[in-house]
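The chain contents come next:
There are 2 protein chains.
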Amino acid sequence: MQFHHHGYVSGDPRVQPAAGAGLDRPAELPDEVDVLIVGSGPAGMLLAAQMSQFPDVVTRVVGRRPGRLALGQADGIQPRSVETFQAFGFAERIVAEAYNIGWMNFWGPDPADPGHIVRTTRTEDYGLKISEFPHLIVNQARVLDYFAEAAAQGPARIVPDWGVEFLGLQVHESGEHPVEVRLRHVAEDADGTEARAGRERTVRATFVAGCDGARSGVRTAIGCRHVGVASAHAWGVMDVLVNTDFPDWRIKCAITSAAGNILHIPREGGYLSRMYIDLGAVAEDDNHRVRSTPIEEIVRRANAILSPYSIDVRQVAWHSVYEVGHRVTDRFDDVLPGVARTPRVFLTGDACHTHSAKAGQGMNVSMQDGFNLGWKLGAVLTGRSPETLLATYAAERRPVAQELIDFDREWSSLMARRPEEITDPQDLATHYLATAEFPSGFMTRYPPSSIVGSDEHQHLATGYPVGMRFKSAQVVRVCDGNAVHLGHHARADGRWRIYAFPDSGGSALAQWAAWLATPSSPLARFTPADADVDAVLDVKVIYQCDYAEVDLPAVPPVFLPRTGPLGLMDWEKVYAAGPNAWTDVDIFTERGLSREGVVVVVRPDQYVAHVLPLTATAELADFLGRSLLPQR
Amino acid sequence: MQFHHHGYVSGDPRVQPAAGAGLDRPAELPDEVDVLIVGSGPAGMLLAAQMSQFPDVVTRVVGRRPGRLALGQADGIQPRSVETFQAFGFAERIVAEAYNIGWMNFWGPDPADPGHIVRTTRTEDYGLKISEFPHLIVNQARVLDYFAEAAAQGPARIVPDWGVEFLGLQVHESGEHPVEVRLRHVAEDADGTEARAGRERTVRATFVAGCDGARSGVRTAIGCRHVGVASAHAWGVMDVLVNTDFPDWRIKCAITSAAGNILHIPREGGYLSRMYIDLGAVAEDDNHRVRSTPIEEIVRRANAILSPYSIDVRQVAWHSVYEVGHRVTDRFDDVLPGVARTPRVFLTGDACHTHSAKAGQGMNVSMQDGFNLGWKLGAVLTGRSPETLLATYAAERRPVAQELIDFDREWSSLMARRPEEITDPQDLATHYLATAEFPSGFMTRYPPSSIVGSDEHQHLATGYPVGMRFKSAQVVRVCDGNAVHLGHHARADGRWRIYAFPDSGGSALAQWAAWLATPSSPLARFTPADADVDAVLDVKVIYQCDYAEVDLPAVPPVFLPRTGPLGLMDWEKVYAAGPNAWTDVDIFTERGLSREGVVVVVRPDQYVAHVLPLTATAELADFLGRSLLPQR
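Same order as they appear, the protein sequences are chains A and B.
Taken in order, the first sequence gives residues 1 to 632; the numbers are from our numbering.
Taken in order, the second sequence gives residues 633 to 1264; the numbers are from our numbering.
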């Protein structure tokens, strides 16, 4: 965590100095905004936290609820999401309060007594094997709390406008704020100073993000169709505090029995668990009657499935019934096929993909929607990038949503099988393990585009597949000899990262650094004259040698920039590969990096954008020029 | 982190439900209190956080400042202190924002050019080798912020009464609140609603903790003498933001040069460092004139010492000059030698031991003073323990203070040597490493007393020396198969911990557990009838076998108690030794535990109180009966 560089900070360093729109932010929703976020779920709140890092952009978030979410909804957190939380500054805190999935156990009918279940398999969870972060379960409400904190503590000081309902919008052809949005106050706002319930408002926005869930009004307003099928299978879900003799109450389990199926998810705090209980096939003429299944019936089913074990429910914290649907929206923005114009309205999260809850994916994919969109909006609205950048949102995220739906459909079907349909009792566990990287969030691979390069030089950095998320590894910070995670230095601040891994001789690095220091380099061209030299491109070097052999005075100055109002040298861009006393890892070995040197370019949302040799300076300049605008 | 057991918690689980005195806490300082803490430094604020876990006790903290500390003062945090922070719930957060000491480097005169310094040694810091927590540097203000948060979020909802000055006290011979304390409001309180500056107040307290620093008024009021000498050596200290070519600006260093000495301490945030700069011997007739040394002179000295390197100071965050003193107070409470009565007034921290800042000890030892005292006050005031327990505070902490002074005197002298006094350039580094456990805070060993047993059975648990702090180790939580730190489950909640390590056969454990479940066992006798069964003694078991082999339904019920208003089973008292998929550690091997089984008793302040065989039930009952009162 770096601070004090704008002068001594006495209080919580997580509270950044207010700037721009955050300096005198009106309590009332203004008539004109740059970004209007509709909805305060995982995508919307991540987006709010991201936009708070762009204080020159006026962003507001409207939510229909009178205040923070209190209960229920999603709880599965992929390692990929925890990586994202790290970039927003709250990973260590949420890990400390969440349930950490160490194992997933599988239960099936006892061959000797098919009316009883027995444990068939214990399976290590995949989380810590493919990320430095675990796989967690924690209530969505807490995730939203942390994003709300990040939004409020960022320079733009963004807090949601609660109790505001979306009514409709119209995209005009011109004007600085071409999207006309109709809203209605549905309740008092949090401060309750004005009776305004029922009052309608019009807000003009430059861009609108529809983060308003499965029944998205924004989706309807831009004429999208939510395409797919509702399955004829219903599930009850309950968050319950119980006493039980079921020994795996605190372990994630898939339970298959003659009486039905349960997906069992322990929750944060050591007592609470969530159960997804199979309510069976739904008749075609049911007309959603299944949704009124009483909690007593859900508990009764759970006990029937768990036999010979049982649960004694002491408190129901939340429960619901849903029918599994798998739908993807035909468009993720307001641009019709074949039309070439800047998208003005975007859909994220459940507004554009809905599916079962049982693979624990929804909240995670929604957050990555927000992460993909946020930096692009920030870059365009601050003049760093052309508006064409915004077309990449739908192009990148719609295929991810389709993959998710396909994965979830398969997983849901496997989970809903009856015992007689199961030929191999291990196949659910086998499927779970074989596909672990997908539900962890690590299989997303964006195709080549203006912001993803070709894989021509992939062999120089085999551990950083172009288009996939940058996987952190331990390195040694030269200035203090501490082992740190290279990726953790990158915060969700809208900046691109350029990691230079020198050649063993050092001459290629020296030439590359000298080139970067010239006035015609991307560093100079794409950075506003009045901004810090690392405001757009954050350039770091990771030497091959032991940290103690790096002679700091001989390191090219481009890696030791002087920034901030005091012009202080930044010591934290110069690293060395381990091992040393504090780490066993040599990042060159661990990530398959060429000893001849390589440059890895990473997007603001942590995806590897390009891999290039140190000598490919023209290609680097060209690549960055595809999505960044010259500033001088 | 365990929660939801009193019903579903929607918000931050770190905020505990208010209870007792925390339910309707008066904003004004009341006329009568159980505990009055005078001073809001590290000892006082730890004590406040601890007392907040005793909501049936009325505790107030008075501080002279108008509000939180903003700047300066101590910054060294031993691993022992981070262990303590863990028990108060904020270790992971303060680690994330602190400077982590990975190395200590030593610089001396260049033999080829004695006017210039050269790096002579790099030394790994000891922190992570002797604790699972690192050795940190972070401003005292942040430590106080976190303790203030813990105090405010605990059940008693304790917040300091700011702007209140201590004037004097008188200890009366009888009465429920025998200490009469005179106070004066020196400034508006934080809410500024009432003009009361200058107004005097009398508060009657049952006990007073003097945490009011080196010029303690409480110390004076109880007639203690602060014994020792001021050395004739002065040091300047400054927290500065600089640009420099000194390559170790971000590494802790001891620098010895012909021009004087520097102890260099990098600080949190990546830019700031603290320098202790030798101002040389002070003339006998100086009369503290050295204390007015201007900052420019301190910077000039620093540059002279650093030659050929230099610092360009861009901002001075804080600076001061002090003369090294080494003093210990003759008594740590108000009981005169030879008198046998309950102490009513206690001294902690700088109020009873002052010394140089350069071993980074002061704040740490002060906090352990508060930790030692807090649970004892809570136990006595809630009727769990006899008042005789309070005499152990001075008996235990005064020798620790004396050891600290002796250590610091030696370290300060070594640091202040001139180059010509140094025969072996490595000896400072050698001394630093050889004594590492002391400055880490791990050498404290309390002698046998009513709360520390004999070492008769020490061979059964060689890794848990009786009287020393309980060193955590990884184990596997049986209910969920996660690797966790056994010691981290213990929070600073005033409870005793009893860890049962079963014999390999299990019959001794079965008998021990059966005994503990009888109505005459310490568990029944010392726990109030209306309290949770684990309210006084928190009993856990750590099996030798793999966690998957532990049959939870066969575990003795005493390890699976039902607590809280819902009577929910607590799953987190049953552990197994590793290794498993998530840890390499077998606690039996790691801590030298007998495979025949052993019971380890740990005090509320994390010190090992006793080591006993499973068969020694009478001895265990007797030992606990020395400091706990029967409740039924």
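Don't take each hint at face value.
Per the computed footprint, the stretches of chain A lying under chain B, defined by three or more beta-carbons under 8 Å from a beta-carbon of chain B, are [unchecked claim]:
id	region
1	98-104
2	197-211
3	310-320
4	327-341
5	616-628
Worth flagging that the hints you see were computed from the coordinates, not collected in a lab.
Bear in mind that the values here come from a model prediction, so they are computed numbers and not experimental data.
Glycine residues also receive a C-beta, built at the ideal position from the N, C-alpha and C atoms.
Hints versus structure:
1. 98-104: holds (count 4)
2. 197-211: As far as the region 197-211 of chain A goes, the hint is violated, because 0 residues have Cβ atoms under 8 Å from chain B.
3. 310-320: holds (count 4)
4. 327-341: violated (count 0)
5. 616-628: violated (count 0)
Of the numbered hints listed earlier, those contradicted by the structure are 2, 4, 5.
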